[in-house]
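Here this note's numbering runs 1 ahead of the position in the sequence shown, where the first position is 1.
Because the hints were derived from the structure by calculation, they are not lab data. Any given hint could be a false lead.
[What the hints assert, rightly or not] Here are the simulated SDA-like pairs of lysine to any residue, each with C-alpha atoms no more than 20 Å apart in a straight line:
hint, residue 1, residue 2
1, LYS166, LYS190
2, LYS221, TYR244
3, LYS63, LYS114
4, LYS18, LYS252
5, LYS191, LYS252
6, LYS63, PRO44
7, LYS140, GLU151
8, LYS241, VAL231
9, LYS221, TYR24
10, LYS252, ALA212
11, LYS221, ASN14
12, LYS237, LEU209
13, LYS241, ASN228
14, LYS63, ASN45
[Unchecked claim] Pair ranges (Cβ atoms, derived):
hint, residue 1, residue 2, range
15, GLU22, PRO44, 31 to 37 Å
16, GLU249, GLU61, 41 to 47 Å
17, HIS34, GLU64, 44 to 50 Å
18, ASP178, GLU35, 29 to 35 Å
19, ASP32, GLU61, 18 to 24 Å
By construction, the Cβ of each residue, glycine as well, lies at the ideal position given by its N, Cα and C atoms.
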Amino acid sequence: MLKMKDKTLSVNNLCWKPDNENYILNNISEDFHEGGFYGILGPNGSGKTSFIRHILRFLEIKEGSICLDNRNINKYSRQEIATNISFVPQNVNMDVNFTVYDIISMGRTPYQKRFQDLSKRDRELIDHAMEVTNCTYLKDKVFSYLSGGEAQRVLVARAIAQDTKYLILDEPISHLDIRYQVELMETLKKLNEEENKTIIAILHDLSLSSAYCRKIVLMKDGSVYANGFVEDVLTKENLKAVYEMDFEIHKVENKKQMFLCLLYYDLNYN
Numbered sequence: 002m003l004k005m006k007d008k009t010l011s012v013n014n015l016c017w018k019p020d021n022e023n024y025i026l027n028n029i030s031e032d033f034h035e036g037g038f039y040g041i042l043g044p045n046g047s048g049k050t051s052f053i054r055h056i057l058r059f060l061e062i063k064e065g066s067i068c069l070d071n072r073n074i075n076k077y078s079r080q081e082i083a084t085n086i087s088f089v090p091q092n093v094n095m096d097v098n099f100t101v102y103d104i105i106s107m108g109r110t111p112y113q114k115r116f117q118d119l120s121k122r123d124r125e126l127i128d129h130a131m132e133v134t135n136c137t138y139l140k141d142k143v144f145s146y147l148s149g150g151e152a153q154r155v156l157v158a159r160a161i162a163q164d165t166k167y168l169i170l171d172e173p174i175s176h177l178d179i180r181y182q183v184e185l186m187e188t189l190k191k192l193n194e195e196e197n198k199t200i201i202a203i204l205h206d207l208s209l210s211s212a213y214c215r216k217i218v219l220m221k222d223g224s225v226y227a228n229g230f231v232e233d234v235l236t237k238e239n240l241k242a243v244y245e246m247d248f249e250i251h252k253v254e255n256k257k258q259m260f261l262c263l264l265y266y267d268l269n270y271n
C-alpha cells in the first residue's frame, strides 16, 4: 500500500528585500503540517508579517519557494489560494453599513460565480461559523458599530465560513482585553481539535502561546531563530537571545501551560 504524503505548507529558503533595501527575510525554511497549531513569535521588525504575506502571495516570491500540498504556490490561482487558506488581518477599517451577516458571507465569495446568490451549503457554513464564534446574536448589527472584541470574532467567523484547511491570523489578540483573548484562543483551539484546521497565528503573548500552540516559530532579524515544540523553544536562553531581556518561566503543575514573566529591566533611559 502506498503511503499518503503528509499535507504540508512548506516554505523553502525564502528571502525577500524591498527594492534597494536590506533583506527583511533571510533564508527561511519551515513546514506547517496539516492539523497543527503554530504560533509565530518574535519582536517587532523580526519579519513575522512579511513572512505570512508571502505565504498568502500578497508579496511576490522572488527568492526561495513555497509549496502547498507538494505544489508550488505560484501555480495556484487566487481563487485556489482562497479555497485553501483563509486570513484574519490585524486591522480592518470597514466604515460601511454592512451587517455582520454580510461580512461573514464574504467568506463564501471564492466559491461563488458572479452575481450568484448564497446556496444552501453557503448558508449552512455561515451559520456554523457564527455558532462557533458566538456571533449569531450579532448577525443583524452593523459591523462598524461593533466593539473590538466583537469585530475580531466576526473576522474569524468570516475565515471559518471560507472553509479552508489553513487559517492564518496576524496578531488576532493584540488589541483585546484578557477575556476576549482567551475566548478567541479557545475558539481557535476548538477549530484545530474538532475540525482539524491548521492554525498559524502571529502572537505576542508568550504565556497564551504556551497554553494553546503546539509548536512555535521564534523569529529574530528576519530569520527563524528556533522552532519546534513549545517547551523546547520558549526557554530562558532563547527568549534572552531574541528579546534581549531576562525572563522567568513558571510551569503550571499537570498542565502544558507556562507563565513567562519579564523580569524588571532597566533600560537606562535618560
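Outcome of the hint check:
1. LYS166 to LYS190: 14 Å, holds
2. LYS221 to TYR244: 8 Å, holds
3. LYS63 to LYS114: Given that 20 Å is the threshold and the Cα spacing comes to 32 Å, the pair is violated.
4. LYS18 to LYS252: 39 Å, violated
5. LYS191 to LYS252: 23 Å, violated
6. LYS63 to PRO44: Distance of about 25 Å is beyond 20 Å: violated.
7. LYS140 to GLU151: 11 Å, holds
8. LYS241 to VAL231: This hinted pair holds, its Cα atoms lying about 16 Å apart.
9. LYS221 to TYR24: 13 Å, holds
10. LYS252 to ALA212: Since the Cα atoms of LYS252 and ALA212 sit roughly 10 Å apart, the hinted pair holds (cutoff 20 Å).
11. LYS221 to ASN14: Roughly 16 Å between the alpha carbons, so the hint for LYS221 and ASN14 holds.
12. LYS237 to LEU209: 16 Å, holds
13. LYS241 to ASN228: Roughly 15 Å between the alpha carbons, so the hint for LYS241 and ASN228 holds.
14. LYS63 to ASN45: 23 Å, violated
15. GLU22 to PRO44: 31 to 37 Å: With a Cβ separation near 19 Å, GLU22 and PRO44 fall outside 31 to 37 Å, so the hint is violated.
16. GLU249 to GLU61: 41 to 47 Å: This hint holds: roughly 43 Å between Cβ atoms.
17. HIS34 to GLU64: 44 to 50 Å: At roughly 24 Å between Cβ atoms, GLU64 and HIS34 fall outside 44 to 50 Å, so the hint is violated.
18. ASP178 to GLU35: 29 to 35 Å: 32 Å, holds
19. ASP32 to GLU61: 18 to 24 Å: 22 Å, holds
The structure fails to meet hints 3, 4, 5, 6, 14, 15, 17 from the earlier list, while all remaining hints are met.
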